[in-house]
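Please model the complete structure; the sequences and the hints are all you need to start from.
Here's the letter readout for the chains.
Protein chains: 2
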Amino acid sequence: MALVKNGKLLFNERPQDYPIPGKTTVYDESETIDLDNVPLNGGYLLKVLCVSLDPYMRGRMKDSKSYVGGFEIGKPLSNFGVGVVLRTEFDNVKVGDHVYYMGMPFQKYVILPNLENARVIKNEENFPWTVYTGVLGMPGLTAYCAWKEYSRAKKGEVAFITTAGGPVGSFVVQLAKADGLKVIASAGSEEKVEFVKNLGADVVFNYKTTNTADVLEKEGPIDVYWDNVGGTTLDAALANAALHSRFIECGMISGYNVDAPPIRNLMNIVGRQITMTGFIIGFIAEKYLSDFYTEVPKLIKNGTIKYKEDVTNGLEYAGHVMEAVQRGTNKGKAVVVVADE
Amino acid sequence: MALVKNGKLLFNERPQDYPIPGKTTVYDESETIDLDNVPLNGGYLLKVLCVSLDPYMRGRMKDSKSYVGGFEIGKPLSNFGVGVVLRTEFDNVKVGDHVYYMGMPFQKYVILPNLENARVIKNEENFPWTVYTGVLGMPGLTAYCAWKEYSRAKKGEVAFITTAGGPVGSFVVQLAKADGLKVIASAGSEEKVEFVKNLGADVVFNYKTTNTADVLEKEGPIDVYWDNVGGTTLDAALANAALHSRFIECGMISGYNVDAPPIRNLMNIVGRQITMTGFIIGFIAEKYLSDFYTEVPKLIKNGTIKYKEDVTNGLEYAGHVMEAVQRGTNKGKAVVVVADE
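Line order of the protein sequences matches chains S and Z.
If you read the first sequence in the numbering used here, its first letter stands for residue 1, the second for the next number, and so on.
If you read the second sequence in the numbering used here, its first letter stands for residue 1, the second for the next number, and so on.
Treat each hint with caution, since some may be false.
Since the list can't tell identical chains apart, any single copy or any two copies may satisfy a pair.
[Claimed, not checked] Below are the DSSO-like pairs computed for lysine-lysine, each with C-alpha atoms no more than 27 Å apart in a straight line:
hint, residue 1, residue 2
1, K122, K94
2, K155, K182
3, K62, K218
4, K155, K218
5, K208, K75
6, K301, K197
7, K108, K75
8, K287, K155
9, K148, K287
10, K154, K287
11, K177, K287
12, K331, K23
13, K155, K306
14, K94, K308
15, K154, K47
16, K75, K47
17, K308, K108
18, K287, K306
Because the hints were derived from the structure by calculation, they are not lab data.
Put into structure tokens, the structure is as follows:
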């Protein structure tokens, strides 16, 4: 192989609202890499197989402190991804190992120095590698850990889960049903609504055609609210919160690309004695990691836990996928396959 | 004594914004009571000594579900208060006992059936009875229990405490200082600011003349936020919240009488991983009651815990005090002395 192009998706300029492929991000093939001879300096060379596109990445495009590092103009985007080891000078990985890395740059080949923020995946169940960016990656962990940590779910309670067609929401729906809750779920297309119904949710609606507050008034009050949305949806949840309800604040995508409507019903947090907890998965995952990796792969393998991916082939299209994720037009966990093995 | 007037402060009409004495409430002396012969039906006759006026009462004047019962038009207001037993047919109180009651009607004499929501006060320290509506009553319990339950305070952290000149805030300031925190405190007059400085708060400002967000930006970020205010103050706290900060949502008076400005910075709850907990003291007090009544009276007696009362004599002025509490023009814990012993 020797000298090959090392294609990259560069962060080109900050978006005004929604990211625009070719403007916010540009695909660049100007750099080459000598795969046989590039110096590893004690590290290892990965061929990137797939990278994840997630809503939270929009925050990293802002010119303000984000809770994770901001993207640098002129440098590749980065996010969770999986690669395979081509060469190594690092003792703890060997050629052919698959590595899951939190900061995978959006480029075809990368040299990593060690396993910090990375993990060798065994994949005994022989899943496609993309699964490790979704239900077995950050989104799956997000759903699993935060549900266990914050929901205090009791059988017979009512949960309202937003973005239920997405990788986090769809897993939460299944966790809530497994705990014996009545699940109200919202999604942004009829196709997603069908998928979520098949997961066992009790009440599923398309929030673009059905008023959220009306549904919650009829089907609530809600004991657990899984928020990926914020804005008017959060206000509707506050208006229909049960006494001592738990609001799990995972994200607020309604305010990522445009100004979110301000919140008007927060006063209910006092009267309804609501606990509202914001979290970032990296800070709470550790205590659940062992359970997660013992339990969840089996549940996926035997079909108990279902998931849906929206796979795009080609790193050059990652900017389009980024836009789709922000607009909610993706049809499942958005992942870009950069290369086959 | 025999036949005496049983003066009452009646809820007359719902206020549009701030309650207006003589309009929202009217004082009525049309009823008499025969203290010697009025039938007790197994209960006991109390002479009401003092009643508390608290911000939350505004919510009970609304034509919507409040978290405690709404006031009924034409009936007396009611709230925490202390009375002395004049006659009894109830075994668990005797004549001369002092009873603290959660639902004390704003009237001179009342017959209670039992000790439900009531408690005989021993008052071994010989405090004025008004103290049992303030630092040793609901506001004191509110401060003490919620600080212990929700603050997770660690020495060296920074707390921001609103309405620090009031009975809840001023107690919280002292609890936070006792726990070794740096305390930023806001109050609504220079006189209150002086009082709070004397409690040991590190940074005290008059929020009417100094911009809250500026102070927090300079003195924060804040690890614990005690919210009695909501609105723009809460937004300023959200903008200056430390990672993993705790927001104790005790009240939001900025929205009790007029529409509160909506909240714009709630997105920070995710990025900063904030836990926000609303509570009502009646639901969390029980586990702390024994500690509270063992510990706090001594600390007050020996001067470790300081408090400030704003005492008004005469039930006929309770409507004026209600207005003052909503406008924040009271100078300490607002209490109305209905009668001397």
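Hint by hint, here is what the structure shows:
1. K122 x K94: within (12 Å within a copy, 76 Å between copies)
2. K155 x K182: Classified as within: same-chain Cα gap 8 Å, cross-chain 43 Å, threshold 27 Å.
3. K62 x K218: Intra 39 Å, inter 24 Å, cutoff 27 Å: inter-copy only.
4. K155 x K218: within (20 Å within a copy, 47 Å between copies)
5. K208 x K75: neither (36 Å within a copy, 47 Å between copies)
6. K301 x K197: Classified as within: same-chain Cα gap 21 Å, cross-chain 63 Å, threshold 27 Å.
7. K108 x K75: within (14 Å within a copy, 76 Å between copies)
8. K287 x K155: both (24 Å within a copy, 26 Å between copies)
9. K148 x K287: So K148 and K287 pass the 27 Å test inside a copy (11 Å) and across (25 Å) alike.
10. K154 x K287: This pair counts as both: shortest intra-copy Cα distance 21 Å, inter-copy 23 Å.
11. K177 x K287: Classified as within; 23 Å inside a copy, 33 Å across copies.
12. K331 x K23: within (24 Å within a copy, 59 Å between copies)
13. K155 x K306: within (21 Å within a copy, 46 Å between copies)
14. K94 x K308: neither (31 Å within a copy, 71 Å between copies)
15. K154 x K47: neither (45 Å within a copy, 46 Å between copies)
16. K75 x K47: Result: close within a single copy only, 18 Å intra versus 77 Å inter.
17. K308 x K108: within (25 Å within a copy, 69 Å between copies)
18. K287 x K306: within (24 Å within a copy, 43 Å between copies)
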